[in-house]
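A.B. asks: These are the residues of each chain, in order.
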Amino acid sequence: MDKKLTTLHINKTKYQLPLEGHETLLEVLRDQIGLTGTKSACSEAECGACTVLIDGQSVLSCITLACDVEGRDILTIEGLSQNEELHPVQQAFLEKGAVQCGFCIPGMILSSHALLSENPQPETEQIQKSIDGHICRCAGYHKMIDAVKYAGELIAKKERES
Amino acid sequence: MDLNPFQYHAPQSLKEAADLYFKLSQVKLLAGGTMLLNSLKTAKKKGLKTPQHIISLKRIPELKDIRREEGGLSIGAMTTFADLIRSPLVSQELRNILRQIGTTQIRNMGTAGGNLTCRYTWTELGTVMMSLNALLSFYNPKGESYTETAAEFFAKQAKTKDILTHIRVPGPEPRAVGYYRLPKTSPLDVPLFAVCISAECAKGTFQDTVITINRGTSFPCRYRELEAQLNGKTMTPETISEMYPLIQPQAFDPHCEGYKGHMYKIGIRDTLKNLIKGHRDHG
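Protein chains in written order, with my numbering: chain A, 1 to 162; chain X, 1 to 283.
You may find that some hints are simply not true.
Unchecked claim - Now the in silico label distances, taken between C-beta atoms and shown as ranges: (1) A/Arg160 - X/Gly258: 57 to 67 Å; (2) X/Thr42 - A/Ser162: 45 to 55 Å; (3) A/Arg72 - X/Val190: 21 to 31 Å; (4) X/Asn96 - A/Gly56: 21 to 31 Å; (5) A/Asp73 - X/Ala251: 46 to 56 Å; (6) X/Asp19 - A/Ala156: 48 to 58 Å; (7) A/Ala156 - X/Thr121: 40 to 50 Å; (8) A/Glu153 - X/Leu182: 35 to 45 Å; (9) A/Gln32 - X/Lys156: 36 to 46 Å; (10) X/Lys260 - A/Gln32: 40 to 50 Å; (11) A/Gly102 - X/Asn96: 33 to 43 Å.
Please keep in mind that the hints were generated in silico from the structure rather than gathered at the bench.
Being a predicted model, the structure only gives us computed values, none of them experimental.
Ideal placement from N, C-alpha and C gives every residue a C-beta, glycine not left out.
In isolation and in its complexed conformation, chain X is listed as follows (with noise of 0.2 Å):
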């Protein structure tokens, strides 16, 4: 057998699943599968302690609805990102970020809650939530539901002892988003680097413009310094030139002498294309 024996717990509801996770010890809970099953193989391989619950949570309903509400779109935890994909109502230029992330099967398997609190620090969809202002919203052990920014949750590296229940994009989307990422060669496909633009663009300038850095060594941050200065300006191809000098990735990475400033640097003016050309053909 490749895993370890657990007790397997299938829990129909939100509060049954809540009362199994906080009460039992030694549990964690299966969201998609993709990172959890696999790192319980390695676990054992090596010989490591394991858990003696896993909770899976796909058989309850109330987390894998996508919905349309007032602020914005709200995406349960156990949403795939193939239900992603292929939902109108997600918008168009997310669903183009979301087809580049893994590969087929991962897409129909990962899910976005399993994705952003597994604590795999180069996972994708944490930089994008982050970009796009997300609020997550996580279910405590007394049965509250309370709320937190993607932002407020990866400053403090991702961790929770709650539940994540749903993931909020606020909206509707005038935002402008751009993605990149660069993927190590690797059938996992894990990126090296990502990044991730939005920004407001009413009157077709960048206005509070969120830039989210991830170097897939530690979790996604905020280049503030240049969302300042991008604020204000045109999004034209002409922007983009004359941003490019300014890019300083000491900013976000003190440790990048040599190619990766480079790299960097392209990986971020790419973005700006891609959000640019988004925004002509999509907004």
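Isolated chain A (complex conformation) (with noise of 0.2 Å):
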């Protein structure tokens, strides 16, 4: 197959690469560039551990063709926090104690990044409604849902303090 020129924008950093047409933005991130903050887990769009924002909306990767989103706006788990400080959700759910094994939370994260851009106050069943994508085997729902609605919090303070 002939391999095109694609033009991917990543955590606002133009990539150009050489596709053929067939792989997949998870390939892409985790092979071609070595963003493996996205993680591999099901690949058959089951899990969201391999959730990334396309404009702002949670997509799975792992069935997203990475030829399809050229020219759009893709935001990793590495492109979330500024400089060395934690985004408000990653601070979240560090402080809310809301990771075990951490393996599905690059995905939940993001989700939730999104719930935040949009309802910055979220109820319960709003959050669950947004994660609801997300398999965590360590079951540790109730805290994320704390560390969401805490999020909310943070960025709250952070909005009146600067």
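Reconstruct the complex from the two isolated chains, following the hints.
C.D. replies: What follows is the structure in structure tokens.
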């Protein structure tokens, strides 16, 4: 197959990659760019570990063709924090002890970030709905829900202070 | 690599997509990808043949629009579930139904057209669109558009060689709608059984009722016997109590002994409850 130079905008950095067309975004992120924060688990759209944000919306990178998101704004877990400071959602997950093995956490944090960008003070049910596409095998959902609520508070506090 | 190699195409217009699609062989259309890419991965694992060409429809603006037009709501085939849920043009009742389907990521990725044409029997939008008397518009190799009802489309097992471009939901919507789904305990959230009931309700009674059943293992079908019994009845909880003993699941599933029959009856009863509640809340 011929390769085509494809431009991907990932974490505000432009990458130009020769792609054949059949590569998934997950494969490109992990194997070609080295952004291994996006996890590869089921590879069949069931677990949510591979979640990234495309134009602010959570999608499954294991069933997204990299060529299909050319020119769109891709955010992975590596792009969330700024400089050395954790993003409020990351900070909240840390402080609330919402991480156990951590494998589902990059996707979970990105979905939570997408929710809080639209709804800074979500109710429990809205949080449950927004992370319904993620499986946590440690079953630590309660602390995660607490963390998302707390992240909303941290974001509001940060906005008041700035 | 998870997928076998293929030639990727990204046309910018419907005509360009159609020219490619009708010219190439061993070709598949790519909508949201939630069904197709998974099935291609499975095919690769099993050593089955996979298409040589994939045509992505994502860059075709004319397939992404949602607009109110005379006679109802027009939904571009590439509109995602999330787009529909966010759109103020879509009725609150339909948005509430769509919120129940899939996970957040699937709703962000999955498209109306992809869901209707992927030929998995358990996909849910077909059940809803049949109940709403929706019309499906297709584009054929001659460059012509034609329309058929969702009911006609599913009666022929959702087979088409043409390109679905739009879904038209008749309206404005005085129709009340109720939906019920019984999901499997599975992350993919595939329903074992789903029911959608819609009815005209101008006089507070069921009129022109449409009941669509999806048993998961076959394409959606109508339950006409109960439709006829409901028409003319008032939209009240008492009607539901009156109708419950009349629900005969054998009418749409001859093999529904035991728990399945009860499951269907409860599902239809709860759909009617949802319909009446929704009509009271939004009507």
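A.B. asks: Tell me if the beta carbons of A/Glu153 and X/Leu182 are separated by a distance inside 35 to 45 Å.
C.D. replies: With Cβ atoms ~37 Å apart, the hint holds.
A.B. asks: Quick one: are A/Gln32 and X/Lys156 within 36 to 46 Å, going by C-beta?
C.D. replies: For X/Lys156 against A/Gln32, whose Cβ atoms are near 43 Å apart, the range 36 to 46 Å holds.
A.B. asks: Go ahead and decide if the range 21 to 31 Å is satisfied by the Cβ distance of X/Asn96 to A/Gly56.
C.D. replies: For X/Asn96 and A/Gly56 the Cβ distance comes to about 23 Å; the hint holds.
A.B. asks: For the pair X/Asp19 and A/Ala156, does the Cβ-Cβ distance stay inside 48 to 58 Å?
C.D. replies: holds (52 Å)
A.B. asks: 21 to 31 Å was suggested as the range; check whether the CB atoms of A/Arg72 and X/Val190 agree with it.
C.D. replies: Given a distance of about 29 Å, which is inside 21 to 31 Å, the answer is holds.
A.B. asks: Quick one: are A/Asp73 and X/Ala251 within 46 to 56 Å, going by C-beta?
C.D. replies: holds (51 Å)
A.B. asks: For A/Arg160 and X/Gly258, compare the CB-CB distance with the range 57 to 67 Å and indicate the outcome.
C.D. replies: At roughly 60 Å between Cβ atoms, X/Gly258 and A/Arg160 fall inside 57 to 67 Å, so the hint holds.
A.B. asks: Within 40 to 50 Å: is that where the Cβ-Cβ distance between A/Ala156 and X/Thr121 falls?
C.D. replies: holds (46 Å)
A.B. asks: CB of X/Lys260 to CB of A/Gln32, is that within 40 to 50 Å?
C.D. replies: holds (49 Å)
A.B. asks: Does the beta carbon distance between X/Thr42 and A/Ser162 stay inside 45 to 55 Å, or does it fall outside?
C.D. replies: holds (49 Å)
A.B. asks: Are A/Gly102 and X/Asn96 spaced within 33 to 43 Å by their CB atoms?
C.D. replies: holds (35 Å)
No hint from the list above goes unmet by this structure.
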